[in-house]
Amino acid sequence: MDSLAHHLLSIVVFLPAAGSLLLWAARRPRIAKRIAIGFAGATLIISLLIPLAGRFDTTEIHFDKTATMTYGHRISYHLAVDGLSWPQTVITALLFLLACVAAEKEADRFGPFFSRLLLLQTCALGTFLANDPWLFFIFLELATFLLLLVARSGSKQKTDRAYGPFIHAAASGILLVVAIAMIDRHATIAPSLRTVAFVLFLLAMLIRMAILPFGAWIGTVYSHAPAPILMVLSPVILLSGAYGLLRIAYPTFADIAAYAWLPLASLGVACLLFNALCALSQVDLHRFLAHQSSAISGVILIGIAVMSRTALNGTIFLLVASALASASLIFIADMIRRRAGHADMDHLGGLAGAMPKLWSFSVISMANQVGLPALAMFVGEILIVIGIFRVSQPQSLPHSFAAVETAAVFTIAVATCVGLILLAVSMARATQSVFLGPPGVLQERMPDATPAEIAVLAPLAALIVALGILPSLLIFHFTGSTMREIMSTYQRAASNHAEQNPAGSSATPQITTAN
Amino acid sequence: MPGPATLLILATAMPLLAAILLTIVGRRLGAPLAGWTAAAFICLSFAFAIWAMVAWYDPQGGHYMGRNWTMGEQPILMTLPWLPIGRGVQQDHVGYLDIGIYLDSLTIAMFAMTTLVAALVHIYSTGYEPANRGYSGFFVCLAFLAFAVMGVMLSGTLLQLLIFWELMGLGTFLLIAGYGETPTSPRSALASLITPRLADIGLIIGIAILTIHLGNLSFPKIWATLANASEGLPVHLENGRTLSPGLLTLTGILLACGALGSAAQFPFHTWLKNSTDAPAPVAAMIQTIAHLAAGVYLLARLFPILTPQARLAIAIIGLATLVIGTLCALAQREVHRLLAYATLSQAGLIVFAIAIGGWGSGLFHLILHAFFKSLLVLAAGSALIGLRHRTSFAQLGGLWRKTPWTALTFAIGVAAAVGVPWLSGYYSRTSIFIDAGATSTLATRFLNRSAYYWLLFAIPIGTEYLSAFYLTRFWLLIFAGKPRDRDVYQSARESPILWAPLIILAGVSIFAGSMLGAPNLLRASAQESSAIATEFHQRDALAPMGSTAGLFQMWPAPPPARSARTAESAEVIAEAPAADFTPAAWAHDHGEALAATWPVKWGWLIGMGLAIVLFPFERILADSIRKMAPLRWIAAWLERGMMIEEFYEIAIVRVTIICSMLLSELDRYFINRGQKLVARVIRLFAWTRSRITF
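Taken in sequence, the protein lines are chains P and R.
Just so it is clear: in the first sequence, position 213 is 213 by my numbering, and no numbers are missing.
Just so it is clear: in the second sequence, position 2 is 2 by my numbering, and no numbers are missing.
Hints in this document: simulated from the structure, not taken from any laboratory.
Do not rely on the hints blindly, as some may be mistaken.
[Claimed, not checked] Quick list of simulated restraints, FRET-style, between CB atoms:
hint, chain 1, residue 1, chain 2, residue 2, range
1, R, 642, P, 344, 34 to 42 Å
2, R, 613, P, 283, 51 to 59 Å
3, P, 34, R, 66, 47 to 55 Å
4, P, 342, R, 247, 48 to 56 Å
5, P, 259, R, 642, 45 to 53 Å
6, P, 342, R, 670, 51 to 59 Å
7, R, 649, P, 403, 52 to 60 Å
8, P, 34, R, 80, 40 to 48 Å
9, P, 181, R, 649, 51 to 59 Å
10, P, 259, R, 650, 53 to 61 Å
11, P, 403, R, 653, 27 to 35 Å
[Claimed, not checked] Away from chain P, derived, C-beta distances all over 10 Å, residues of chain R:
hint, residue
12, 240
13, 405
14, 517
15, 534
16, 634
17, 642
18, 667
Small disclaimer: the values here were computed from a predicted structure and weren't measured.
Heads up, the beta-carbon is just placed ideally off N, CA and C, and yes, glycines get one too.
Chain P on its own, in the form it takes in the complex (with noise of 0.2 Å):
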């Protein structure tokens, strides 16, 4: 029993690719489903009883504490998972499963379609749950890659903007290369370098984000891709984002991060504004999804920087929350356009009554997306927006610096507060252009919601209203004590920083956090 503890994670990350090399040598569509379904969901299953294996107290599973990544200067497979990976973990897991039960005609036109996704499954959760800073890189580039070139194997077009993924992809991978070369010895290396390695991951990591000037390339996968891939994008490059800067950049650089707090969140909150005012104003439904998804993670950003615990909460639970809302709008969209044969917002209008199974699972994913209470992302959202008031910030400023800083929290929770809401009008708006008003003569006609799209909707509506109700059961519970952990690895780095430079006591950044 042990040992099979011992063994769970590379269980749960290479079970699916077993069953990848298992449909590929047995190419036939219609069982295929069958057994990517069954893989997904075994491995869906393993890694929900991870915290039970815990309490094997075995050295890959931290739930008591985080599981810090080993350096060293040469490649080590290590696994480890503790209460940042985990939800992670099963949330992508679950996204994978989900998605081989959406897929419907992309298994024809993609050929070994089920067999593609499944090995796909295997980076992504190897990214989650790798302690090695280079396997992270490994398994991250790999799934990055993979998920675009299935995304991009179905679309016709060839023209250059296509490519843009792809050059993102590759930027953002040149500079996490040099950054994590750099941060395996990041104790040696001079404080300028410090500096310089934490600004190329964190580009890095805001190019998978999707934050501001880095967004293009989404809005492309998004009007491109098939639903089954977009909906496992969130966790495999939106959410490894952030979960790269959680695991790698914020405990090893806190103190250069804390510097940076004021520049991330408002860049966070420009993310914010920009998007949720662009998604104002589009007209087709998959790009309208794309800047929702960028402004979230917009609001991620937020979290990630201000650097306190309750920022830190929200955090973790918006990740969960936001993949599961924008794998269910996905899905919806997608339902939308196979049925409409468009994804034109201005040419559809009362499906509510032509389709009232789907519009009770989308009201809840709608309303959602818009941080409304009792749901996945309000949770996240308040958390971030009084987290922002608990900002972990250099004491070392100058006094007179304390009124600007009181000012520029009190901007920034005020402007995050305004893009939210711009977010939640251009949901209303799509709501109403979408679902309510008079029918059109083709949405009559409509089917609803067949059982098999509604074995897709209805877990991803459960989980969110659950999450919604019972956050602290479903997540904190896991979480608490890894985030504690997080907290302190911010608060040694500071000190650590503090020794090393002992001169000039001004210059010595100390991090306050109010817990």
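Knowing the structure of chain P, use the given hints to seat chain R on it.
Frame of chain P, contents of chain R only:
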């Protein structure tokens, strides 16, 4: 026998159950049955609320979750940990932000009011809502709205209140957007969704500030901790931090902002007019028990922590709303809009009354207003149901022959609203005027404030005349005189399912002021709140607090010595027997004397009389106003709601839309172009030119 807390939780659960049930089987139940199912659930809810009220009146009190409760002494408070926010000061559950229920006499009173009106609105809707489009969906949304409102009333912490608050917004949006009756309803739905949300920014920021300082947001806790705020003093926290009066004022105003947005107060009031695009039952819910009541309820709960400056600011906002509502109502030429502005003026009066320390009278008026205003809105809907949205006064008139029951109940509603003696509105209005008089007296005679403080008394009195005038004229224009439009007159009809609830509401509107004991409950609620605040204060050994007496008055009672600055107050003090003299009591007596003078007492009669006398000359007067240039402009300006909405349209909506379009163009051209450019450059330098195939 289950305790009141259990019963009210059951009462809250009923509409939610109805909504879930109808979502699943609503379509199969079909047209009348789905509506009756929802109505039955809400009636059950009303039964539970009344049962809870009976249980609450038990003089022995009882136990709930390990706490004793007694009416008038100890309320019920139960909290559960919900959100992990990290360790803070003064948390009931360490590391967590709580949700929970808080139940005192005010909750009991609000539940009785809410469930009664909601039940009648549901019954009315079974006959009102046309059976063809999404009949059961309508009742799902309506029941959901009722559920959210009851959740707000039962909330024990600000966080839980925020949760139900936003759910209420969703319910309203779905009802207006999905079932609006006019072509403008999509826009209106967005407006009534967004405007209160903008106000909610204040609520959320206020909650965040309180959370980081207090760590716990249950109402008794914030009352106890911030008790000094009500006297304008700084608050010293356990952990050594001090909250300055400035910060407390800011926090108070931010929190109250949410309440003001929901109660449709001045800067946020425009959405109320838009919400009248919804069907009459929905408008009745919004204007009485849903948004308005929830907003006022939050303000009432926040009142103890507001600083005197914040209270004054809110009172001024209330007055502004009162004036805007009254003046605009005078110039309206359409039924629903007039009702919306009438509601606005009443809401302003309620908020004003609460802010000046007439806590009990303001809430009393809220409860009575719920009855007579829902009566008016539903009766208007009943009178106009056959008219296919021809609701301008120019087309109505003489309808009493076709719709006698509606005309009668409508008249009772008008009489109750303008304060005809011994009908409901009379009691609450009088008590508001007494409080306004007392506040002005206190300010000018004992606190050395300027004579402008008499406006706090004069403006509400002035609007009383006008509201009596326009409401009477409103009834006359619809029901009296000769029909102005034959076709409209012919198609008017009424049906028993619509006027039966109206008769119940009319009965309640007549007797609620004197007989239902609402003032007792409100007085008991103030005592309970003070008692639990004091108890928490002693339990947690907080820094000494002045007294809980200040919690429910606008200004802390000034000591006689300090206030004897003006010659006049010195004279008063010299006359009074020294032993039991307090400025507040003296001011209250003076306020009573002021409210008993004839301009205050007979204002309703003057307004009504004027309306009746002028009614035969209605057309001549209207024509002459239309001809005289400055009057015409003023009338048009008032009819459009003082152009405030147009101003917002230009200053906020247009600007946002333009920004949005500019940014998406920017996104489309520059950022995507950049992407293409990079791709092209790479291809230029690629060895295998255009051989890149993925």
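Of the hints stated earlier, which fail here?
6, 7, 10, 18
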